[in-house]
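Colleague: Sequence:
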Amino acid sequence: VVLGWYASEGWEEAKGLIPSDYKGQFLDVHVDATKEEEVENLMRKAKDAFGSIDILLHMVGRFHAGGKISETDASLFERLVDVNLKTTFLCCKHALKIMLERGRGRIVVFPPKVVSALGRRLAPMPCPKPVLQCSYLLCGKNWKRPISLSTRSCPAS
Numbered sequence: 003v004v005l006g007w008y009a010s011e012g013w014e015e016a017k018g019l020i021p022s023d024y025k026g027q028f029l030d031v032h033v034d035a036t037k038e039e040e041v042e043n044l045m046r047k048a049k050d051a052f053g054s055i056d057i058l059l060h061m062v063g064r065f066h067a068g069g070k071i072s073e074t075d076a077s078l079f080e081r082l083v084d085v086n087l088k089t090t091f092l093c094c095k096h097a098l099k100i101m102l103e104r105g106r107g108r109i110v111v112f113p114p115k116v117v118s119a120l121g122r123r124l125a126p127m128p129c130p131k132p133v134l135q136c137s138y139l140l141c142g143k144n145w146k147r148p149i150s151l152s153t154r155s156c157p158a159s
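Residue numbers for the sequence shown follow my numbering, beginning at 3 and rising by one.
No lab work stands behind these hints: they were computed from the structure. Remember, predicted model here, so these are calculated numbers, not experimental data. All C-beta atoms, glycine included, are put in the ideal place defined by N, C-alpha and C. A couple of the hints might just be wrong.
[To be verified] With a Cα cut of at most 25 angstroms, we get these calculated BS3-like pairs of lysine-lysine:
1) 17 with 49
2) 99 with 49
3) 70 with 95
4) 95 with 37
5) 88 with 70
6) 49 with 37
7) 37 with 88
8) 95 with 49
9) 70 with 115
10) 115 with 95
11) 47 with 37
12) 17 with 70
13) 37 with 99
14) 49 with 88
15) 99 with 47
16) 115 with 47
[What the hints assert, rightly or not] Here are the in silico distance ranges between beta carbons for each label pair:
17) 67 with 21: 32 to 38 angstroms
18) 74 with 103: 37 to 43 angstroms
19) 73 with 108: 39 to 45 angstroms
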């Protein structure tokens with residue numbers, strides 16, 4: 003299991019949630035998922051450590067409700083595009099390259115509003131705790147080489 007993260011808040015506590023039988027099968031990588039070279043490096047590290055990527059759980063997202071479009075600052079819109087679309091594109095692009103080498107793989111992309119809701123429903127703290135819980139729920143004891151990116155895998159604005 004590889005988990006990409008950006009913000010360190012809650013990270014040490016979340017690492018403590020990893021089942022003891024997975025301790026040697028876990029790799030965490032600091033990444034800004036809005037930067038292509040960092041995403042490519044993350045996927046390369048996943049491949050180097052575990053041979054491939056079976057599942058990509060893309061849980062990066064930012065949700066902004068309220069306000070009129072006519073009153074919304076363009077910088078907020080650009081930030082939402084970077085966090086929600088660019089990270090999805092970059093992660094899928096580089097994970098797919100590795101998955102296609104083996105001819106298989108799965109990608110699950112969580113919409114920003116769902117990512118926010120998961121964070122509130124699964125834990126009283128922000129990701130990565132919900133990411134670890136979702137990884138385990140989706141993959142169960144059979145998770146081999148999933149790679150997860152938390153909502154904190156890019157800088158907050």
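Colleague: Would you mind confirming whether the straight-line C-alpha gap from residue 70 to residue 95 stays at or under 25 angstroms?
Modeller: violated (33 angstroms)
Colleague: Does residue 88 lie within 25 angstroms of residue 37 when you go C-alpha to C-alpha?
Modeller: Given pair residue 37, residue 88 holds - Cα atoms ~9 angstroms apart, limit 25 angstroms.
Colleague: Looking only at beta-carbon atoms, does the pair residue 67, residue 21 fall within the given range of 32 to 38 angstroms?
Modeller: Taking Cβ atoms as reference, residue 67 and residue 21 lie about 36 angstroms apart, which means the hint holds.
Colleague: Is the Cα-Cα distance between residue 99 and residue 47 25 angstroms or less?
Modeller: Given that 25 angstroms is the threshold and the Cα spacing comes to 14 angstroms, the pair holds.
Colleague: Does the alpha-carbon distance linking residue 37 and residue 99 stay inside the 25 angstroms limit?
Modeller: holds (17 angstroms)
Colleague: Take a quick look at whether residue 47 and residue 37 sit within 25 angstroms of each other, Cα to Cα.
Modeller: Answer holds: residue 47 to residue 37 is near 16 angstroms, not above 25 angstroms.
Colleague: Within 25 angstroms, alpha carbon to alpha carbon, are residue 88 and residue 70?
Modeller: holds (24 angstroms)
Colleague: Cβ-Cβ distance between residue 74 and residue 103: within 37 to 43 angstroms?
Modeller: For residue 103 against residue 74, whose Cβ atoms are near 42 angstroms apart, the range 37 to 43 angstroms holds.
Colleague: Below or equal to 25 angstroms on CA atoms is what counts here, so check residue 95 against residue 37.
Modeller: With a Cα-Cα distance of about 13 angstroms, the restraint between residue 95 and residue 37 holds, given a limit of 25 angstroms.
Colleague: Straight-line Cα separation of residue 49 and residue 88 no greater than 25 angstroms?
Modeller: Answer holds: residue 49 to residue 88 is near 22 angstroms, not above 25 angstroms.
Colleague: Are residue 17 and residue 49 close enough, with their CA atoms no more than 25 angstroms apart?
Modeller: The given pair, whose Cα atoms are some 21 angstroms apart, holds under the 25 angstroms limit.
Colleague: Can you confirm whether the C-alpha distance between residue 70 and residue 115 stays at or below 25 angstroms?
Modeller: holds (18 angstroms)
In this structure, the hints that do not hold are numbers 3, 12, 16, in rising order.
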